[in-house]
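Colleague: For the protein sequence lines, the chains are D and A, in the order given. Just remember that the numbering used here sits 372 ahead of the position in the first sequence, which is counted from 1. Just remember that the numbering used here sits 203 ahead of the position in the second sequence, which is counted from 1.
To be clear, the hints were calculated from the coordinates, so they are not data collected in a lab. Heads up, some of the hints might be wrong.
Stated by the list, open to error - Covered stretches of chain D, going by a simulated chain A footprint (3 or more residues, C-beta under 8 Å):
1. 428-437
2. 446-456
3. 470-481
As the list claims (entries may be wrong) - Below 25 Å or equal to it, Euclidean Cα-Cα: the simulated SDA-like pairs (lysine to any residue) are:
4. Lys-513/D / Glu-489/A
5. Lys-513/D / Gln-488/A
6. Lys-513/D / Ser-542/D
7. Lys-513/D / Leu-544/D
8. Lys-513/D / Leu-558/A
9. Lys-513/D / Gly-438/A
10. Lys-513/D / Arg-469/D
To be verified - Now the in silico label distances, taken between C-beta atoms and shown as ranges:
11. Gly-508/D / Ala-516/A: 30 to 40 Å
12. Val-524/A / Ser-515/D: 53 to 63 Å
13. Trp-548/A / Glu-441/D: 21 to 31 Å
14. Glu-599/D / Arg-487/A: 24 to 34 Å
15. Arg-447/D / Pro-497/A: 52 to 62 Å
16. Pro-468/D / Trp-585/A: 37 to 47 Å
17. Ala-492/D / Trp-585/A: 45 to 55 Å
18. Val-219/A / Arg-447/D: 54 to 64 Å
19. Arg-447/D / Leu-589/A: 29 to 39 Å
20. Glu-505/D / Leu-233/A: 35 to 45 Å
A quick note: this is a predicted structure, and the numbers were derived from the prediction, not measured. Think of the CB as a built atom: it goes at the ideal place given N, C-alpha and C, for glycine as much as any other residue.
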Amino acid sequence: MDSHPTDRDSDQVLEVDGVSKHYGAVRALQEMTFAVRPGELFGFVGANGAGKTTTMRIVLGVLAADAGEVRLDGRPIDAARRRRIGYMPEERGLYPRMAVGEQLRYLAELHGLSAAEARAAATRWTERLGVAERVGEEVQKLSLGNQQRVQLAAALVHEPDVLVLDEPFSGLDPVAVDVMSEVLRERADAGAPVVFSSHQLELVERLCDRVGIVRDGTMVVEGGVDELRAGSGSVVVHAPDAPAGWADAVPGVTASHLEHGRTVVALAPDSDDQALLRAALATGPVHEFTRRRPSLAELFRETVTGRDAA
Amino acid sequence: MRTILLITRREYLARVRGRAFVVSTAVILLILVGYSLFVGSLSGAGDSGTSRIAVAAETEAITPALRTAADDQGRIVQVLPVPDAAAGLALVTSGDADASLSGPPTRPRVDVDRSLGGGTGSVVTVATSLVAQQQLLPDPAAADAAVAAAEPVVVAARPEDPASGLRIGLGAFGAFLLFFSIQTYGAMVAQGVVEEKSSRVVEIVLATVRPWQLLLGKVLGLGAVGLTQLVILGGVGLAVAGSAGLLVAGAGLVPTLVSVLVWYLIGFTLYATVYAALGSLVSRQEDTQSVLTPVSIVVLIGFVAGFNLIISAPESTALAVLSLVPPWTPLILPARIAVGDVPVWQVALGFVLTLAFTAFVLWLGGRIYARSVLRTGARVSWRDALTGR
Chain D
373 MDSHPTDRDS DQVLEVDGVS KHYGAVRALQ EMTFAVRPGE LFGFVGANGA GKTTTMRIVL
433 GVLAADAGEV RLDGRPIDAA RRRRIGYMPE ERGLYPRMAV GEQLRYLAEL HGLSAAEARA
493 AATRWTERLG VAERVGEEVQ KLSLGNQQRV QLAAALVHEP DVLVLDEPFS GLDPVAVDVM
553 SEVLRERADA GAPVVFSSHQ LELVERLCDR VGIVRDGTMV VEGGVDELRA GSGSVVVHAP
613 DAPAGWADAV PGVTASHLEH GRTVVALAPD SDDQALLRAA LATGPVHEFT RRRPSLAELF
673 RETVTGRDAA
Chain A
204 MRTILLITRR EYLARVRGRA FVVSTAVILL ILVGYSLFVG SLSGAGDSGT SRIAVAAETE
264 AITPALRTAA DDQGRIVQVL PVPDAAAGLA LVTSGDADAS LSGPPTRPRV DVDRSLGGGT
324 GSVVTVATSL VAQQQLLPDP AAADAAVAAA EPVVVAARPE DPASGLRIGL GAFGAFLLFF
384 SIQTYGAMVA QGVVEEKSSR VVEIVLATVR PWQLLLGKVL GLGAVGLTQL VILGGVGLAV
444 AGSAGLLVAG AGLVPTLVSV LVWYLIGFTL YATVYAALGS LVSRQEDTQS VLTPVSIVVL
504 IGFVAGFNLI ISAPESTALA VLSLVPPWTP LILPARIAVG DVPVWQVALG FVLTLAFTAF
564 VLWLGGRIYA RSVLRTGARV SWRDALTGR
């Protein structure tokens with residue numbers, strides 16, 4: 373599962389480098405920087421208004437950046453290479469009075485597919501996403517769920533080399549969420565860099581190889597999901613006879629507090645937790661000594677509320 | 204290039220297949236037919252049913268035949284005896300007589316001011332044959348030959364261009380079609396822009412194409428729809444006119460058609476760009492009309508003024524001036540060209556001014572469009588549209 377096939381020519385890194393953007397006096401992005409490697413699923417999380425949508429719009433060239441650069445495979449991205457990106461904007465939209473199949477063919481052709489390729493791709497994706505029997509219907513006549521599926525098909529119909537999806541899971545039913553997850557994983561496994569934003573953090577945690585947490589237009593935390601959870605670890609110690617503040621003098625401890633009779637100790641990165649264990653044993657019996665790995669949701673809350681994550 | 208063609212094709216098919224296209228084509232045909240019938244009934248009403256005919260002494264023999272012919276046709280004839288052709292002509296030029304007859308009664312010379320009206324003409328023609336018949340009654344064969352030869356010879360003091368009515372008609376027809384197409388399809392461009400904004404599909408499209416490509420594709424696509432309709436309407440109009448025998452060689456039909464087409468293309472590009480830029484300022488279909496209205500009024504003023512002047516005073520200075528003001532040139536100048544006698548320098552000036560103005564509008568409109576089309580929510584202010592980024 374972890375080995376990403378590299379036999380495709382689309383093995384390119386998507387880099388967002390020092391991108392800034394202002395709307396009048398409002399600063400939307402400040403030196404936004406991150407990279408998504410080929411075959412990697414990158415989860416882009418942050419509170420509303422943190423700058424996720426603006427970043428994606430700049431990647432797609434829908435907005436112009438004030439400063440900074442977006443690169444694909446080491447070269448600044450241009451119109452021709454942008455056509456190879458599959459994009460799902462936050463504000464969903466299709467031509468309401470155009471038939472599903474016709475619409476998908478049109479979008480595929482706009483992205484540079486030939487008429488025959490477009491036809492085949494439209495058929496393939498409508499079948500895959502379970503809307504094949506709706507190809508002749510106008511989009512506005514579909515249910516919301518089906519419109520979402522068509523929207524996803526619209527992002528995928530030109531067989532993109534890179535995927536940039538803004539909130540792809542919002543409004544999807546559980547079955548569609550599974551299909552979407554599967555498709556994202558599959559595209560990543562085929563060697564495409566995949567970025568998506570989401571507020572469904574459990575999903576991001578389960579699906580993504582790496583995540584980036586954005587606050588006020590800046591990437592504040594970026595890394596592998598496991599690495600982030602481990603790095604920000606604290607230790608829970610149950611030593612019933614220990615006096616209050618017993619751990620504060622141990623080297624490497626930055627903070628401690630009591631929770632349900634247990635002491636939660638924050639350790640500086642790379643400090644020796646065995647020293648803490650010895651100090652605990654010195655106070656009497658120790659019934660529990662656990663490294664606590666925060667969930668992404670906890671990490672996120674910690675980060676966006678401004679507490680220093682490291 | 205393929206991108207623009209794809210956009211153009213989509214816009215074209217989306218509209219031509221729509222019911223609105225069929226309905227509007229039918230409606231405009233009805234309006235045109237109704238209007239021509241109305242104008243036709245007006246010109247019929249101008250004929251009072253009375254013919255005043257001066258008859259010179261040497262032609263006096265035709266007088267009873269004139270009365271008989273007039274009775275047969277239910278017309279009143281007033282015969283004004285005059286001593287000679289010169290006196291008759293004087294009455295005609297002063298407007299006191301519709302026609303003056305002189306010379307041999309079976310082959311009279313008919314002096315008229317501009318043309319021999321239909322009613323008076325048939326009275327004179329019938330009377331001439333009657334005289335020929337009466338003179339040769341005993342010999343039927345000779346009478347038949349004489350009747351066949353009997354024919355009035357019409358001489359107009361101020362000969363009328365036989366095609367001028369047709370030319371004015373063509374000019375007015377062309378102006379009307381230009382106005383209608385610009386209003387209808389220009390507004391559709393704006394609606395299309397707003398639809399893309401309100402449905403948010405524009406963001407997906409703009410992730411692959413540049414704003415100017417989308418704008419150009421739209422203008423071309425709807426321009427082609429308008430052109431299709433123009434060709435249908437023009438074809439039907441010409442077919443009707445042809446079957447009614449209204450088409451006269453030398454009426455300048457081909458140059459008129461070419462000029463209407465060329466001016467349609469320029470005028471449509473001009474106004475469609477303006478409408479697209481205006482459409483991009485709003486996000487909801489309900490707000491479209493309010494931003495388009497000022498421009499619609501400008502178009503309407505040009506059309507109404509131009510249309511009426513073309514019919515009533517095609518040679519007036521006011522019309523010449525109006526036709527050289529760029530936003531109105533595409534509406535009025537082609538009609539003037541159809542009517543005829545526009546100095547070459549005016550055509551050239553109108554062309555250059557309008558092209559320059561259109562280029563400016565394309566530049567400015569493209570700028571406004573690119574800046575506004577992704578802004579949803581409140582109406583984009585002019586300042587933001589022009590200077591924002």
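Colleague: Take the hints in turn and mark each one as holding or not.
Modeller: Here is how each hint holds up against the structure:
1. 428-437: That given contact holds, which follows from 6 residues of the stretch 428-437 of chain D lying within Cβ reach (below 8 Å) of chain A.
2. 446-456: holds (count 3)
3. 470-481: Satisfied; 4 residues make the cut.
4. Lys-513/D / Glu-489/A: 22 Å, holds
5. Lys-513/D / Gln-488/A: 19 Å, holds
6. Lys-513/D / Ser-542/D: At roughly 20 Å apart (the allowed maximum being 25 Å), Ser-542/D and Lys-513/D satisfy the hint.
7. Lys-513/D / Leu-544/D: Roughly 18 Å between the alpha carbons, so the hint for Lys-513/D and Leu-544/D holds.
8. Lys-513/D / Leu-558/A: This hinted pair is violated, its Cα atoms lying about 44 Å apart.
9. Lys-513/D / Gly-438/A: Since the Cα atoms of Lys-513/D and Gly-438/A sit roughly 38 Å apart, the hinted pair is violated (cutoff 25 Å).
10. Lys-513/D / Arg-469/D: Given pair Lys-513/D, Arg-469/D holds - Cα atoms ~9 Å apart, limit 25 Å.
11. Gly-508/D / Ala-516/A: 30 to 40 Å: 56 Å, violated
12. Val-524/A / Ser-515/D: 53 to 63 Å: This hint holds: roughly 60 Å between Cβ atoms.
13. Trp-548/A / Glu-441/D: 21 to 31 Å: Between Trp-548/A and Glu-441/D, where Cβ atoms are some 54 Å apart, the hint is violated.
14. Glu-599/D / Arg-487/A: 24 to 34 Å: 47 Å, violated
15. Arg-447/D / Pro-497/A: 52 to 62 Å: 46 Å, violated
16. Pro-468/D / Trp-585/A: 37 to 47 Å: 29 Å, violated
17. Ala-492/D / Trp-585/A: 45 to 55 Å: 47 Å, holds
18. Val-219/A / Arg-447/D: 54 to 64 Å: 42 Å, violated
19. Arg-447/D / Leu-589/A: 29 to 39 Å: 34 Å, holds
20. Glu-505/D / Leu-233/A: 35 to 45 Å: 42 Å, holds
When held up to the earlier numbered hints, the structure conflicts with 8, 9, 11, 13, 14, 15, 16 and 18 and fits the remainder.
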